[in-house]
Amino acid sequence: MDTAIKESKDTYLSELNQPIKGVSLWKDAWRRLKKNKMAMFGLVVVIIYAILSITAPILPIYSYKYQVIEHQYLPPSLTKKAGELMIEREETLLLAMAEKMGRNELNDQEREKLSELKARTATETRKISGKVVKVHDRRYILGTDSLGRDLLARIIYGGQVSIAIGVIGTITSVFIGIIIGALAGYLGGRVDYIITRIIDVMYGLPYMMLVIILMALFGRNILNLFFALAIVSWLTVARVVRGQIISLKNSEFVEAARSIGSSTGRIVFRHLVPNTLGVIVVFSTLSIPSFIMLESFLSFLGLGVQAPFASWGSLVSDGVEGMNLYPWRLFFPAIVMVVFLFAMNFLGDGLRDALDPKSKNKL
Amino acid sequence: MTKFIIRRFIGLFPTLFVIITMSFFIVRIAPGGPFDREKRLPPEILRNIEKKYHLDEPLLKQYGRYLLDILRGDLGPSFAYPDHDVNFFIFNSLPKSMILGSIALGIAVVIGVGVGMISSVRQNTWVDYTAMSFAVIGITVPLFVVGPVLMFFFALKLDWLPTSGWITGQHGWVTIIMPVITLSFPYFAYNARLSRASILEVLRSDYVRTARAKGLREIVIMFKHVLKGALLPVVSYLGPAFAGIITGSVVVERIFRVPGLGQFFVQAAFNRDYTLLMGTVIVYSVILIIMNFFVDIIYGFLDPRISYS
Amino acid sequence: MQTMNNDLVLQVTDLRTYFNTDDGVVKAVDGVSFALRTGETLGLVGESGCGKSVSCLSVMKLIPSPPGRIMSGQALLRGKNIFDLSADRIRQIRGGKISMIFQDPMTSLNPFLRISTQMIETIQLHQGTDKMQAKDKAIDMLRLVGIPNPGKRVDDYPHQFSGGMRQRVMIGMALSCNPEVLIADEPSTALDVTIQAQILEIIKNLSVEFGTAVILITHDLGVVAGMCDNICVMYAGRIVEKAKVDDLYQDPKHPYTQGLIKSVPRLDKPGKQRLYSIEGQPPNLIDLPDVCTFYPRCEYAMDICRQKYPPEFVTDGRAVRCWLYKEEK
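Residue numbers (the numbering used here), protein chains in the order written: chain U, 1 to 363; chain G, 1001 to 1309; chain X, 2001 to 2329.
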């Protein structure tokens, strides 16, 4: 126990030999966060997703947009190759047709069709991204979609798009929100009044509908999507930042700082901003999944990301049609997205508890 | 109290005003609509349009006309289906969406608060953990995943519930079970967490400590002292919850093929039917604004600090 | 003036209340004993965090039980141990036989209920009267504590009263069922200085009129001097000195008490003197070693102080826990 105390620079002893640890806000928060198993789990998952998204171009996966029409609707399989699945499917189909005609065996004509297929799938090659590949040797771990595209690749690339939208959307709205909120909060008076009125009115507008209308107006491409989402989402950040700055502006520690002679700039940057950062960090972790949900919502309706790009939302949307016959098209993207959302939510909740332990039992 | 109500009432108008004005301009600047100068239309049609929309008049007069129309309840003709008025589409489909939405909100509030209350009283027991885990699922998993998943299991695999349609169809009220559950799920979840947290916070407050120090029983404390204060955040949340339900209905109606206003709205977005789009927004905004107004009034009733000052 | 009945109303023996926290076990109250007689006003004095509030909350069994636990000890109310009673009986005692008022009048009343509702529920609960009678009693109590126009004000909400008025309402509510003991936990601390005096005056007058014994919890020695008959000084979860008020001020025995008295700014000393404050900080209540917890701040610290916590030494009805007084035993 003594050596442990000596090793830590921040610890010293009280007069009664009781160890007292001194920590900064962030170190203390990190310590509390580490204790929270769900949050740590969330952090690990998020990091895994981030790595997969960033390294996607160099991962050994198939192209997300190359279509092999013959491979459409192949079920997921860890062991069977595409060719084998195609042959199985053809065989089942032929047998079903034969049954309709009263036979329960294939006749010679049908058998020959099958052998032709077997021969072709063994040797046929295509040129994909400059390389010549035996296309029917592919193994689709998560199955294929309606155009014969590999679902695993589409999910990973879809993740890139979704996560990018989440992150960029958050950064944009936080940036705009901080500036406007800080201005309103710190300057007060007329400026504050006008800005608050604007925020109030905008808050009353049906957000989603406006985004949909903006998309309809200006076309459905990713740029407009960002624009539309960012315009409407800086509101919460601005309100929160403004609220924080106002309450901190009048708090006692600012008065204390002023009373020992700190300048305004020093007050703002050394005192106000760090206190707001905690709230902003928590908000950001919870806003990323929020953006992803918004974008997925739009993509689900067909108003978001357009083909050949994919996002988790559009993949789920594609998967809903035909989910009776090809459920993997719905469930795999859904599971991948939901796991990410859960991870981010746990992380966000954990961060909030870590940064403000008093909020433990609040939302 | 009356002053409070009047003040709140007056506060309704700015937002509505902004929306109507936005609507006016969007309809006119929108590409692809009849006002699109770049579209080459035969002169006959152009003249008709100009007459219909009074484009020859100064902008301010057009705006005035537009305001009057709206006040009379006339939302104009549909762009995509010029023979029909926007009102035709809206009033045929709005009731269905409202029924769906109201039932969903009702469930979200009643069951949400109920679950929250039970959780808070049995804090940190398995009841609490189960309920809150369920709530986390509701908050995190998006509507358009919950809907299809429910449909997959209960309609397609188990065949217990129908996949689409409306109450007037062959299955009657059973038809809307899944849409309503899907729609209310996230808001029920949020309410459960909100009410649980709020009740726990009030249980820790000074005035509950005083109540205990006076010797009151826990049940009495819960229902007489705690609930009134603890429900305030839930009441505040009613407004945003209903707004969310309206938004969510767009997706839910699409998944379960309910012929409500949400479906028409999305269709209109694809058709670039701006009058229908803006008309829908105006109608929903009015509904939301009225709803928020009542929520404020209820809040004022519950919290004497607001109405008695 | 009522004749002083020398019956023991409340006797607390060796009370220990511990709290389980993430950082360890906090021994908030670690062996506290005191006695209260009918009509007596006992002052419980000490710094923030020394355990005075927790001691009294423990007697009322109002300690929130997941983190806190009453480990041992007895609290005898007219001879009967409160800690042995059933939950129902304890509820009868709260508000009925022992009442408590708290520090912050702004948050201690339910903002959503009328004063009449809050007062009537107490009266009906402990005295079984009907609503009309209860309301009349409530109005009487409000008049007693000095609320003007009580007949009308009783139907108001808490936020329509000022801080001082609210504390008066609290006092009225607490005394409405004629309890034997009133515990006042820093009743005037959150109020303006001028109002402070009024509140303390009301408590004193009413306690005399009703014959209620009072435990006054405070950190302010000035308050205690005017109000109390006896004083217990607490430090780090234990009582370090007990004495009659006059004895305490004339001849404080424990070094901590001496320090406290020296710290009170005085108008009768020559001006331009440094204000005295006791050096150092109170200790962390987790993992306290078995030494005299005051020794780091004590100018008389001896070797034995660093080895064991001093037991109680009693002389002439005064008790002190300090090794300085070992021989006097």
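Any given hint could be a false lead.
As the list claims (entries may be wrong) - Calculated pairs, DSSO-like style, for lysine-lysine (alpha carbon to alpha carbon, straight line, at most 27 Å):
| hint | chain 1 | residue 1 | chain 2 | residue 2 |
| --- | --- | --- | --- | --- |
| 1 | X | K2152 | G | K1228 |
| 2 | G | K1224 | X | K2262 |
| 3 | U | K35 | X | K2027 |
| 4 | X | K2131 | G | K1224 |
| 5 | X | K2244 | G | K1224 |
| 6 | G | K1224 | X | K2152 |
| 7 | G | K1003 | X | K2135 |
| 8 | X | K2262 | X | K2244 |
| 9 | U | K34 | U | K80 |
| 10 | G | K1228 | X | K2131 |
| 11 | X | K2262 | G | K1228 |
Said to hold, decoys possible - Over 12 Å on every C-beta distance to chain G, these chain U residues come out as not near it, computed from the model:
| hint | residue |
| --- | --- |
| 12 | K65 |
| 13 | P75 |
| 14 | M97 |
| 15 | A98 |
| 16 | S146 |
| 17 | V167 |
| 18 | L187 |
| 19 | G189 |
| 20 | E321 |
| 21 | I335 |
| 22 | N345 |
| 23 | D349 |
What the hints assert, rightly or not - Here's a subset of chain X near chain G, in silico, CB distances under 8 Å, partners left out:
| hint | residue |
| --- | --- |
| 24 | L2062 |
| 25 | S2065 |
| 26 | R2094 |
| 27 | F2102 |
| 28 | T2107 |
| 29 | S2108 |
| 30 | T2122 |
| 31 | L2125 |
| 32 | I2147 |
| 33 | P2148 |
| 34 | N2149 |
| 35 | P2150 |
| 36 | D2246 |
Derived from the structure by calculation, the hints contain no laboratory data. By construction, the Cβ of each residue, glycine as well, lies at the ideal position given by its N, Cα and C atoms.
Tested hints:
A C-alpha spacing of about 24 Å is found between X/K2152 and G/K1228, which places the hinted pair at or below 27 Å, so the restraint holds. This hinted pair does not check out: G/K1224 and X/K2262 have alpha carbons roughly 48 Å apart, beyond 27 Å. For the hint pairing U/K35 with X/K2027, the CA-to-CA distance comes to about 25 Å; that is within 27 Å, so the pair holds. Between the alpha carbons of X/K2131 and G/K1224 the distance comes to roughly 16 Å, so the proposed pair stays at or under 27 Å and holds.
Straight-line distance between C-alpha atoms of X/K2244 and G/K1224 comes to about 44 Å, which puts the hinted pair past the 27 Å bound. With a C-alpha separation of about 23 Å, the suggested pairing of G/K1224 with X/K2152 holds against the 27 Å cut-off. Our distance criterion of 27 Å between C-alpha atoms is broken by G/K1003 and X/K2135, whose separation comes to about 31 Å. Simply put, X/K2262 and X/K2244 have alpha-carbon atoms about 18 Å apart, close enough for the 27 Å limit, and the pair holds.
As the CA atoms of U/K34 and U/K80 are separated by approximately 42 Å, the hinted pair breaks the 27 Å bound. Of the pairs offered as hints, the one joining G/K1228 and X/K2131 holds, with about 22 Å between alpha carbons and a cut-off of 27 Å not exceeded. Distance restraint check for X/K2262 and G/K1228: the Cα-Cα separation of roughly 49 Å exceeds the 27 Å cut-off, and the hinted pair is therefore not satisfied. With a cut of 12 Å on Cβ distances, U/K65 stays outside the contact zone with chain G, its closest approach being about 23 Å.
The beta carbon of U/P75 sits about 16 Å from the closest Cβ of chain G, which is more than 12 Å, so the claim that it is off the interface holds. U/M97, annotated as away from the interface, keeps every beta carbon of chain G farther than 12 Å; the closest lies near 25 Å. Listed as a non-interface residue, U/A98 keeps its Cβ farther than 12 Å from every Cβ of chain G; the least gap is roughly 28 Å. With a least CB separation of 16 Å from chain G, U/S146 remains clear of the 12 Å interface cut-off, as annotated.
Remark: the non-interface label on U/V167 is consistent with the geometry, its nearest Cβ contact in chain G lying 18 Å away (cut-off 12 Å). In this structure U/L187 is separated from chain G by more than 12 Å, as the shortest Cβ-Cβ distance comes to about 22 Å. U/G189, annotated as away from the interface, keeps every beta carbon of chain G farther than 12 Å; the closest lies near 20 Å. The claim that U/E321 is not at the interface with chain G is violated, since a C-beta of that chain comes within 12 Å of its own (minimum 10 Å).
For U/I335, the shortest C-beta to C-beta distance to chain G comes to about 9 Å, within the 12 Å cut-off, and the non-interface label is violated. Remark: the non-interface label on U/N345 conflicts with the geometry, its nearest Cβ contact in chain G lying 5 Å away (cut-off 12 Å). Interface exclusion of U/D349 from chain G breaks down, the closest Cβ pair being 9 Å apart, not more than 12 Å. Given the 8 Å rule on beta carbons, the hint for X/L2062 holds: about 6 Å separates it from the nearest Cβ of chain G.
The criterion of a C-beta within 8 Å of any C-beta in chain G is not met by X/S2065, whose closest approach is roughly 12 Å, and the hint is violated. Satisfaction of the interface hint for X/R2094 is found here, the shortest Cβ-Cβ separation to chain G being roughly 4 Å, below the 8 Å cut-off. With a cut of 8 Å, the hint placing X/F2102 at the interface with chain G holds, because the nearest CB-to-CB distance is about 6 Å. Against a cut-off of 8 Å between C-beta atoms, the interface hint on X/T2107 holds, since the closest Cβ of chain G lies about 4 Å away.
A distance limit of 8 Å between C-beta atoms decides the matter here; for X/S2108 the minimum to chain G is near 5 Å, and the interface restraint holds. Nearest Cβ of chain G to the Cβ of X/T2122: about 5 Å, under the 8 Å cut. The hint holds. Annotation: X/L2125 was flagged as interfacial toward chain G, and the flag holds, the nearest CB pair being 6 Å apart, inside 8 Å. Checking X/I2147 against chain G by beta carbon gives a least distance of about 18 Å; that is not within 8 Å, so the hint is violated.
Evaluation of the X/P2148 hint against chain G yields a violated restraint, the C-beta minimum of about 19 Å exceeding 8 Å. Annotation: X/N2149 was flagged as interfacial toward chain G, and the flag is violated, the nearest CB pair being 17 Å apart, outside 8 Å. Hint on X/P2150 is violated. Least Cβ distance to chain G is approximately 19 Å, over the 8 Å limit. Because the smallest distance between the Cβ of X/D2246 and any Cβ of chain G comes to about 32 Å, over 8 Å, the interface hint for this residue is violated.
Going down the numbered hints, you'll see the structure goes against 2, 5, 7, 9, 11, 20, 21, 22, 23, 25, 32, 33, 34, 35 and 36, while the others check out.
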